[in-house]
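Q: With the hints as your guide, set chain B onto chain A.
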Amino acid sequence: MPTKILIHLIVLMAWWIPCPANCQNSPLDGVSIESLKTRVKEVAWNTRTIACDFSQEKEMSMISEKIKSNGKFYLKKEKMLRWEYLQPFSYLIVIKNDQISIQDEYKVTHFQVHSNEVFREINRIILGSIQGTLLTDDQNFKATYFESPTSWVVKLKTLTPKLKESLSEIVIYFDRKDYMVNQLDMHEPGGDFTRITFTSRKLNQPIADEKFMVR
Amino acid sequence: MKNLWFVSIIFVLVAGCISIKPSHTNRQSSIINRQSSTVVSYTTPVVSHLFKATLDIKKHHLTGLLVIKRMETPPPAPAPPQEGRGETPPPAPPPAPPQEGRGEDSSGIYRIVFMNEIGMTFFDLELSADSLKVVSCFESLNKKALMKIFETDFRVLNWSGLVQNEQVYLQKETNNMIVKGRIGKYKTWQTYSPSGDTLCTIAAKSSIADPVIISFVQYNDGFPGKITIENPFIGMKLALRKLSK
Numbered sequence: 001m002p003t004k005i006l007i008h009l010i011v012l013m014a015w016w017i018p019c020p021a022n023c024q025n026s027p028l029d030g031v032s033i034e035s036l037k038t039r040v041k042e043v044a045w046n047t048r049t050i051a052c053d054f055s056q057e058k059e060m061s062m063i064s065e066k067i068k069s070n071g072k073f074y075l076k077k078e079k080m081l082r083w084e085y086l087q088p089f090s091y092l093i094v095i096k097n098d099q100i101s102i103q104d105e106y107k108v109t110h111f112q113v114h115s116n117e118v119f120r121e122i123n124r125i126i127l128g129s130i131q132g133t134l135l136t137d138d139q140n141f142k143a144t145y146f147e148s149p150t151s152w153v154v155k156l157k158t159l160t161p162k163l164k165e166s167l168s169e170i171v172i173y174f175d176r177k178d179y180m181v182n183q184l185d186m187h188e189p190g191g192d193f194t195r196i197t198f199t200s201r202k203l204n205q206p207i208a209d210e211k212f213m214v215r
Numbered sequence: 001m002k003n004l005w006f007v008s009i010i011f012v013l014v015a016g017c018i019s020i021k022p023s024h025t026n027r028q029s030s031i032i033n034r035q036s037s038t039v040v041s042y043t044t045p046v047v048s049h050l051f052k053a054t055l056d057i058k059k060h061h062l063t064g065l066l067v068i069k070r071m072e073t074p075p076p077a078p079a080p081p082q083e084g085r086g087e088t089p090p091p092a093p094p095p096a097p098p099q100e101g102r103g104e105d106s107s108g109i110y111r112i113v114f115m116n117e118i119g120m121t122f123f124d125l126e127l128s129a130d131s132l133k134v135v136s137c138f139e140s141l142n143k144k145a146l147m148k149i150f151e152t153d154f155r156v157l158n159w160s161g162l163v164q165n166e167q168v169y170l171q172k173e174t175n176n177m178i179v180k181g182r183i184g185k186y187k188t189w190q191t192y193s194p195s196g197d198t199l200c201t202i203a204a205k206s207s208i209a210d211p212v213i214i215s216f217v218q219y220n221d222g223f224p225g226k227i228t229i230e231n232p233f234i235g236m237k238l239a240l241r242k243l244s245k
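Protein chains in written order, with the numbering used here: chain A, 1 to 215; chain B, 1 to 245.
This is chain A alone, in the form it adopts within the complex (with noise of 0.2 Å):
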């Protein structure tokens, strides 16, 4: 008798436990991914200038709060991007063509982005994952490909062993209505992940060109 109330009491409960955002993921078929393939690419191709706020939280097994920050993010073709920290530091990284500067607080340095590794892997994977691109890179990340109610997801399973070293897996969320980034999360080998979700996007509004200098 026991054991029966037990097993009742724990179907309910599973009823009643929230279900992760995963768990909603279905499968894409090969004529719905080429077709978000497609659509990435377009929208992509159409898109000038992006305005946006980040917000960033880090995930670690280690501590139970999340490590949060937030900023503003700029793209502008072709290769221009300022990605700025606000809040709670003050950080800018900014990439032009094949130039990087960095401002952290005071301090600016400037240097070539195959000179870094490590910058250059991030301006690989953020510029790859808003433009699309990581979504053809088949030597260094193995694609999957889902539908939630909300987004089109691609988990991006990384090959190459240097980058699997940091880095294990990406995830994009693009949205199902504009085909654009909304978050991006990098999953780490040890399970710690970064969340970053894009909001309050301005698409193809002139951004001034000093917005991408660094003095």
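Because the hints were derived from the structure by calculation, they are not lab data.
Do not rely on the hints blindly, as some may be mistaken.
Cross-link-like lysine to any residue pairs, in silico, SDA-like; alpha carbons within 20 Å at most [as the list claims (entries may be wrong)]:
id	chain 1	residue 1	chain 2	residue 2
1	B	K237	A	D104
2	A	K66	B	H60
3	B	K237	B	H60
Covered stretches of chain B, as calculated for chain A (at least 3 residues, CB under 8 Å) [unchecked claim]:
id	segment
4	48-56
5	59-72
6	117-124
7	134-147
In this text, a Cβ means the ideal position worked out from N, Cα and C, and glycines have one as well.
A: Here is chain B on its own, set in the frame of chain A:
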């Protein structure tokens, strides 16, 4: 072989020249009354501390965030059941709270994670009473000698408890109070403000290769806003600025 001797002599000469001992000090004949409970100093985290961090090693410059967390002390391994009795072992005692003062914390386990601003982890270390475990680390940083230095740095930073064989000195120019002594295998010199109520620096070393000087400034609500960890032997500097989460 000749070259090896030459390198060894140079190494000893260079290492011998690095002094972390505060200069111009006068020994005090009696121990100055210093209530350790009223001293303002970096306190080991009960939950976690978050810092904006800058790490300079020679020409390499890394920036990011550093998290230090004192983990729950794991309970001692349960004793094997004794034959014929079938008694359950008593429950493990709760973890001891960190002690006050600046001595060795023999029960604490700390996790130290340094990541870049985007969130990618540079290193994730677990420091226990007798070892440093590398949970994960960028290949270019994962060198045994560097990890030894980090072990000293974070062990000294998280000291709590009292110094043994304490001797008190006064620094002539500043009137700062210097407490010299030993903590475990480390020799230490701890500099306090003239009134003895604020910890300014800790210098420590266990060998010629691991001297460290840790400075604490910009105290706010009893916690230093800035901490600088310097390893003169390898020319490494880790600057930390406390962030509110």
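Q: Hint by hint, note whether the structure agrees.
A: Status of the hints after comparison with the structure:
1. B:K237 / A:D104: holds (16 Å)
2. A:K66 / B:H60: violated (29 Å)
3. B:K237 / B:H60: Measuring from Cα to Cα gives roughly 11 Å; hence the hint holds.
4. 48-56: Answer holds; 4 residues pass the 8 Å Cβ test.
5. 59-72: Contact hint for the segment 59-72 of chain B vs chain A: holds, 6 residues under 8 Å.
6. 117-124: holds (count 6)
7. 134-147: holds (count 4)
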